Amino acid sequence: MNAADTGFMIISSALVMLMVPGLALFYGGLVQRRNVLSSTMHSFVLLGIASVVWAVIGYSIAFGDDIGGLVGNLKYALLSGVGMEVKTDADTIPHVVFMVFQCMFACLTPALISGAYAERIRFKSMALFSLLWLLIVYCPLAHWVWGGGWLAGLGALDFAGGAVVHMSSGAAALACAHVLGPRMALAHGDTAPHNLPLTVLGAGLLWFGWFGFNAGSALAASPLAGNALATTQMATAAAMLGWLLVESRHSGKPTTLGAASGALAGLVAITPAAGFVTPQAALFIGFIGGVVCYGGVVLKRKLGYDDALDVVGIHGVGGTWGALATGLFASLAVNPAGADGLFQGNPGQLGVQAVSVAATWIFSYGASRVILAAIGVVSPVRASEDEEALGLDITGHNENAYRLY
Amino acid sequence: MKKVEIIIRHSRFNAVKDALVALGVHGMTISDVKGFGRQKGHKEIYRGAELNVEFVPKIKMEIVLEQELVDKVIAAVREAACSGSVGDGKIFVGSVENVVRIRTGESGRAAV
Chain A
1 MNAADTGFMI
11 ISSALVMLMV
21 PGLALFYGGL
31 VQRRNVLSST
41 MHSFVLLGIA
51 SVVWAVIGYS
61 IAFGDDIGGL
71 VGNLKYALLS
81 GVGMEVKTDA
91 DTIPHVVFMV
101 FQCMFACLTP
111 ALISGAYAER
121 IRFKSMALFS
131 LLWLLIVYCP
141 LAHWVWGGGW
151 LAGLGALDFA
161 GGAVVHMSSG
171 AAALACAHVL
181 GPRMALAHGD
191 TAPHNLPLTV
201 LGAGLLWFGW
211 FGFNAGSALA
221 ASPLAGNALA
231 TTQMATAAAM
241 LGWLLVESRH
251 SGKPTTLGAA
261 SGALAGLVAI
271 TPAAGFVTPQ
281 AALFIGFIGG
291 VVCYGGVVLK
301 RKLGYDDALD
311 VVGIHGVGGT
321 WGALATGLFA
331 SLAVNPAGAD
341 GLFQGNPGQL
351 GVQAVSVAAT
361 WIFSYGASRV
371 ILAAIGVVSP
381 VRASEDEEAL
391 GLDITGHNEN
401 AYRLY
Chain B
1 MKKVEIIIRH
11 SRFNAVKDAL
21 VALGVHGMTI
31 SDVKGFGRQK
41 GHKEIYRGAE
51 LNVEFVPKIK
61 MEIVLEQELV
71 DKVIAAVREA
81 ACSGSVGDGK
91 IFVGSVENVV
101 RIRTGESGRA
111 AV
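Chains as they are written, first to last, in the numbering used here: chain A, 1 to 405; chain B, 1 to 112.
Incorrect hints may appear among the rest.
[Unchecked claim] Within a straight-line C-alpha distance of at most 30 Å, the following computed DSBU-like cross-link-like pairs (lysine-lysine) qualify: (1) A:253 - B:2; (2) B:2 - B:17; (3) A:302 - A:253; (4) A:302 - B:43; (5) B:34 - A:253; (6) B:2 - B:43; (7) B:34 - B:90; (8) B:40 - A:302; (9) A:253 - B:43; (10) B:60 - B:40.
The set of hints was computed from the structure by calculation and includes no laboratory data. As the structure is a prediction and not an experimental result, all values here were calculated from the model.
Here chain A stands alone, though its shape is the one from the complex (with noise of 0.2 Å):
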């Protein structure tokens, strides 16, 4: 058990449950007045749904003894043994800290796929989808990467959660825009932001809690946290940049929602090499991913399907760039614990985090249009057409945000 460690994950526990409002803010900028406390609650509750799944069973899932190398057991079923001593002999921290701070990460993943689905969702619907997805995807795929199942023992890299966390989310959240459609307003383009300020200080609130997601992922107050907080600000630095410069080139003009995409892009693509690549490549590594997430974005319209707020662009195409450039980058320098990459003459390590994207988003595309079907037997996913043009935040949770008296 070590002091500085623990204190350092609990701050680090903190940090990134700041996301989830952060979250909710900047997708909450992005949708129309008539729908910003339908996406706030879209993170929001999840704080709630999320906290109490994991406890009762999605922790022990994703970190109990493996089974077979895709699922854990139920040993820590409702927390039972989960407390103040350490998980294992190489641990510095308390068990219940550690859960806590994985807690935080499947708080804020289900929450990450609300964009795609934003503005035209049955509140009901969500809060199920949440919940299945949690169970289904999410504590599964944290066994495979972080609780020892099949793909850490492919030797797949992800410091922080490029496929747990965001290819994951990217890949749900394709499935939901096909699933529902696209919104009505989009038809007459009625869907430009209705607060950008709103998600300008999200951006900057997901920032600031990222240094605890990333450096908080070395488990420890170590130097290979230190190196996790310089590799995250030097990429979403070059990130924005990188968004800005495609940006004016493509369409004329930088756009504040343009720095805070590009910043939280470079946030998203270093996420799995924080810890495994120097802060050099991670200037690389985030204005490459800047670039892309333009791309991605841009592509959405191309191929025709509403992720309304761009999950799939960002999360998606980000912790996909992220996930093989850490296979690029990867060095044993940074971390012995982790691989060599390709340009230190590992190339297998490339082959190896190929695989990783491959199975993340087969499997969470899979089963989370399994998951919307099988809801959709039970009640329609889609609000009425009346409820979308009323706005969700009325006809869904008989509220208002906006008052004029």
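Chain B: place on chain A using the hints.
Okay, now just chain B, sitting in the frame of chain A:
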């Protein structure tokens, strides 16, 4: 009694208001409005997607006054609000049947 509705650019609002007050207009109601006429809207771009915004923000001022003042008001508004470009706005003049001051119950010209 006449009701005059004046739709103008935001940039000309203070000049128009001052001109009306100088003429003796002692009350008005204003609102932020959006509309379009001959002036085209503008283009907004979000994450590379162009949106054409047809409705342009304007200010609407509503005043009720006596018949004799109407021509002076129109002239003053035109002088203060005219930039010579498309989008300067419009003035609508209509008749008002009656006006009632809620506090005293006065009606007609006394209530204006």
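Evaluated hints:
1. Straight-line distance between C-alpha atoms of residue 253 of chain A and residue 2 of chain B comes to about 47 Å, which puts the hinted pair past the 30 Å bound.
2. Annotation: proposed proximity of residue 2 of chain B to residue 17 of chain B holds, straight-line Cα distance about 18 Å (limit 30 Å).
3. Distance hint between residue 302 of chain A and residue 253 of chain A is fulfilled; the C-alpha atoms sit about 21 Å from each other, no more than 30 Å.
4. With a C-alpha separation of about 20 Å, the suggested pairing of residue 302 of chain A with residue 43 of chain B holds against the 30 Å cut-off.
5. Between residue 34 of chain B and residue 253 of chain A the CA atoms are separated by roughly 25 Å; this keeps the pair inside 30 Å, and the hint holds.
6. Our distance criterion of 30 Å between C-alpha atoms is broken by residue 2 of chain B and residue 43 of chain B, whose separation comes to about 38 Å.
7. Proposed proximity of residue 34 of chain B and residue 90 of chain B is supported: the alpha carbons are some 13 Å apart, at most 30 Å.
8. Of the pairs offered as hints, the one joining residue 40 of chain B and residue 302 of chain A holds, with about 28 Å between alpha carbons and a cut-off of 30 Å not exceeded.
9. Between residue 253 of chain A and residue 43 of chain B the CA atoms are separated by roughly 12 Å; this keeps the pair inside 30 Å, and the hint holds.
10. Proximity of residue 60 of chain B to residue 40 of chain B is assessed by CA-CA distance (about 18 Å); at most 30 Å being required, the pair is judged to hold.
Figure legend: structure checked against the earlier numbered hints; hints not met, in rising order: 1, 6.
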